[in-house]
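J.: Below are the chains, spelled out letter by letter.
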Amino acid sequence: MDDTYDLYKTMLTIRRFEERALQEFATGKLFGTTHAYIGQEADAAGIFSLLGAEDVVWSNHRCHGHFLAYGGDPYRLAAELMGRQTGLVGGRGGSQHIHWKNFYTNGIQGGFTPIAAGVALAEKVKKTGNVCLAFIGDGTLGEGALYESLNLASLWQLPVLYVLEDNRFAQTTPTPSAVAGSMTARFAAFGISTWELESSDVMQVQATARAALQHVRNTHPAALILHTYRFAAHSKGDDTRDKETIAVLRERFDPLQIHASRLSASQTQQAEAEVGTLIQDAFTRALADPFPTLAP
Amino acid sequence: MTTVLESLNAALHAALQADPRVHLLGEDILDPYGGAFKVTRGLSTRFPDRVLSTPISESAIVGMATGMALRGLRPVAELMFGDFVTLAADQLINHAAKFRWMYNDQVRVPLVLRAPMGGRRGYGPTHSQSLEKHFLGVPGLTVLAPNNLTSPGALLQNAIADEDPVLFVEHKLLYLLPVLEGTEDSLRDWQLTLSTPDPYPVVTLRFAGADTASLTLVTYGYNAELAREAALRLAYEHEIFAEIVVFSQLAPFHLAPLYQSLRRTRRLLTVEEGTFSLGWGAEVAARAAQEIPGCKIARVAAQDLPIANSKTLEDGILPSVDSILQAALRP
Ligand SMILES: Cc1ncc(C[n+]2csc(CCOP(=O)(O)OP(=O)(O)O)c2C)c(N)n1
Ligand SMILES: [Mg+2]
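First to last, the protein sequences are chains A and B.
Going left to right, the first sequence walks through residues 254 to 549 as the working numbering numbers them.
Going left to right, the second sequence walks through residues 1132 to 1462 as the working numbering numbers them.
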């Protein structure tokens, strides 16, 4: 299969997974909370297509898309979201606290940004050539720990890539109400090279990410700022934004639609069929799995 | 019927209305959203200049509130989840709580930090904790927790009027519960006594017309609900009568109403949702042991584990009516 098709399939897997997760939330099978990645699929698909198996990833509350693009099993993720023993972390973490291979997430905004720098330092010390990625949102620019980590990453020239997904909102707060000054200048102030893109086209994301990653592989910190759109509610149903505006944005910036134009009709149908089976199977199996029990 | 949520919300309305020094700060607290748990609903519409929606900056939120309080305002800050109080710990412990004493009593820091804590909603390890125990015993810091036996709103208004910094711990499961007035059906078995050694009331519940109680359950916040249910089952299923003492001030520790009850029952069971080791109950137990020699003491708390997302695990980690019963029935 060629890259064009794979990128589409990755994005579609994320889309269908998230739609199903929201659906199961409504049925009560998914308990607690979930943050859908719908609208931002191009970011994850583009970036993860470039990573090696040993590269390390730190992600945040909106991590399902990152995990699936990393190559994670939708079944294990579904099981985790529904609190099953077979989940990625045995039901302990749930939606925003998962770990698999070199992929880690946590639900505290900004908390892991120094950890990602520490991971990068470890990889540098061990001379593995691996890089570390840290995914943050625009709202997370509010957290002080981020800036401490940027300073250190630059001082010590650590192979860490900060991926800033600016989806223009932090929960209900529009970015201009919470982020003063310039996003790029934040990184520039620390001497961190920055790549910036305003696009939902996965090919463009991939090209820009490739350049940024090249820099990081030469053992320099870098930032990748991706301006994108979140089409779904922040978490379950808590969307205070204007529905019509979102619908218009979705018409124009849906990463799946944009990329679908590069595929034949039979290819998109094939992807739908493959992904449909994958997601159906993942949730069916997960739903049949037992709940964990606490060791005495 | 008023819910705890409505009571707190009304108190904030009243405080902003009554005193131009009162300001609110927090993440996503503006209308129409009105905060993650809706406690601030309607306030930004009515008081747009004094309800400040902040970036995701817990340390700065509490630091800003400290500066505002130091210079004569009455800030009420909200943490979206109480779990994030760790990000503001330095501002609270090394700044806000210290200033009055360190500056030789010449200054005051009248801030309130509201923190929705507690589990049982499947939010997982970083959004379910009861971290207040880490802030008990911090000199200069008062820690309060509303319950639904006395007005949560009145407690909040008193906290805002307090001259010193207050960490105000709201258990999430309280929000939708009705504030019980003494006459309500669910309290018909109980005789309710209110003592107010501080501006912050202590409620003592005793079985109306029952034999002498042989056990005192002591708790705070939402867990008073569990204690009440456990006490009813102890009475109806085991003919063991318990008194329940519910504190709204956790720290500093003023336990006189508890000692009064213990002089009658001589048996103490502490109940809290924070983790077991070095918790609120440990300090209460140590003080009770000293004050009431020969008093039997046991503690119920969460296991010393993070709180899992999966319900089956979370249920096993957090205290329950059953675990209170078990501890109460242990000889
Ligand atoms: C320290 C901390 N503060 C607050 C929150 C609550 N919270 C979770 S997601 C979120 C908004 C994050 O916005 P952004 O960084 O833009 O990411 P997005 O949700 O848009 O992907 C907030 C406030 C949190 N999880 N951690
Ligand atoms: Mg955002």
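Honestly, the hints are just simulated from the structure, not real lab data.
This structure is a prediction, so every number in the text was calculated from the model and none was measured.
The C-beta atom is built at its ideal place from N, Cα and C for all residues, glycine as well.
Incorrect hints may have been included.
[As the list claims (entries may be wrong)] With the C-beta cut set under 8 Å, the calculated list includes, among others, these residues of chain B facing chain A:
(1) 1144
(2) 1186
(3) 1442
J.: If a hint holds in the structure, say so; if it does not, say that too.
T.: Right, here's what the structure says about each hint:
1. 1144: Interface hint status for residue 1144 of chain B: violated (21 Å vs cutoff 8 Å).
2. 1186: At 3 Å from the nearest chain A Cβ, residue 1186 of chain B passes the 8 Å test, so the hint holds.
3. 1442: Nearest chain A Cβ about 6 Å off; hint holds.
Hint 1 from the list above is the single one not met by this structure.
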